Amino acid sequence: DTGVSQNPRHKITKRGQNVTFRCDPISEHNRLYWYRQTLGQGPEFLTYFQNEAQLEKSRLLSDRFSAERPKGSFSTLEIQRTEQGDSAMYLCASSRLAGGGFTDTQYFGPGTRLTVL
Amino acid sequence: DQQVKQNSPSLSVQEGRISILNCDYTNSMFDYFLWYKKYPAEGPTFLISISSIKDKNEDGRFTVFLNKSAKHLSLHIVPSQPGDSAVYFCAATGDSGGAQKLVFGQGTRLTINP
Numbered sequence: 001d002t003g004v005s006q007n008p009r010h011k012i013t014k015r016g017q018n019v020t021f022r023c024d025p026i027s028e029h030n031r032l033y034w035y036r037q038t039l040g041q042g043p044e045f046l047t048y049f050q051n052e053a054q055l056e057k058s059r060l061l062s063d064r065f066s067a068e069r070p071k072g073s074f075s076t077l078e079i080q081r082t083e084q085g086d087s088a089m090y091l092c093a094s095s096r097l098a099g100g101g102f103t104d105t106q107y108f109g110p111g112t113r114l115t116v117l
Numbered sequence: 001d002q003q004v005k006q007n008s009p010s011l012s013v014q015e016g017r018i019s020i021l022n023c024d025y026t027n028s029m030f031d032y033f034l035w036y037k038k039y040p041a042e043g044p045t046f047l048i049s050i051s052s053i054k055d056k057n058e059d060g061r062f063t064v065f066l067n068k069s070a071k072h073l074s075l076h077i078v079p080s081q082p083g084d085s086a087v088y089f090c091a092a093t094g095d096s097g098g099a100q101k102l103v104f105g106q107g108t109r110l111t112i113n114p
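Heads up: the sequence lines are chains C and R, in that order.
Counted from 1, the first sequence has number 82 at position 82 by the working numbering; the numbering is strictly sequential.
Counted from 1, the second sequence has number 4 at position 4 by the working numbering; the numbering is strictly sequential.
Read the hints as simulated data drawn from the structure, not as lab findings.
Since we're looking at a predicted model, the values are computed, not measured.
Capping the alpha-carbon separation at 30 Å, the derived lysine-lysine pairs in DSBU-like fashion look like this:
| hint | chain 1 | residue 1 | chain 2 | residue 2 |
| --- | --- | --- | --- | --- |
| 1 | C | K57 | R | K71 |
| 2 | R | K101 | C | K11 |
| 3 | R | K5 | C | K57 |
| 4 | R | K101 | C | K57 |
| 5 | C | K57 | R | K68 |
| 6 | C | K14 | C | K57 |
Please construct the entire structure, taking both the sequences and the accompanying hints into account.
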């Protein structure tokens, strides 16, 4: 079990540039989540995939944000025309659908820290 | 609106004593609760969870208590060890048939003093 991995771990960019982050979930986990965490706050939900389908998006995810999960494996989160307010830790989590009305446990990656100058 | 609240930003406990971290929630639809621990520069690590059909769940040194009528849960760590020093997040979800997105509190920084 290699855990959830995220790349890059750190990204510094200038305002207006596009950035892309990658998340590799635990193998055989069919659910994948993106969260954002700002200083002094807990993580906030951004979006969720079950296999390759993006099933829910938060209102926090503006039109400048797009996420994909081709073939239901790794996922990418792209931010276009970055703004200083996008500076945050972007966390990815994965879980295996438990089914039967049970709640699965989400396991988090180390995150990508984005700094927009 | 903050649906999950951790009102203590920090807590300091002596090694070997009990640490008690508290969490309150407002959404009565929440039916599953989790605690995560986070070290600097790492992602949150799952610790323990509890379903709303229970009032207590224990795993080694960690016990979570749920009081549904008060919409309150707590995490007890006993005995506390220096390695327990971290930020602890309470999280809740109420969508067992759907996305199960987690709603987090702001976190409590626990410091264990030798």
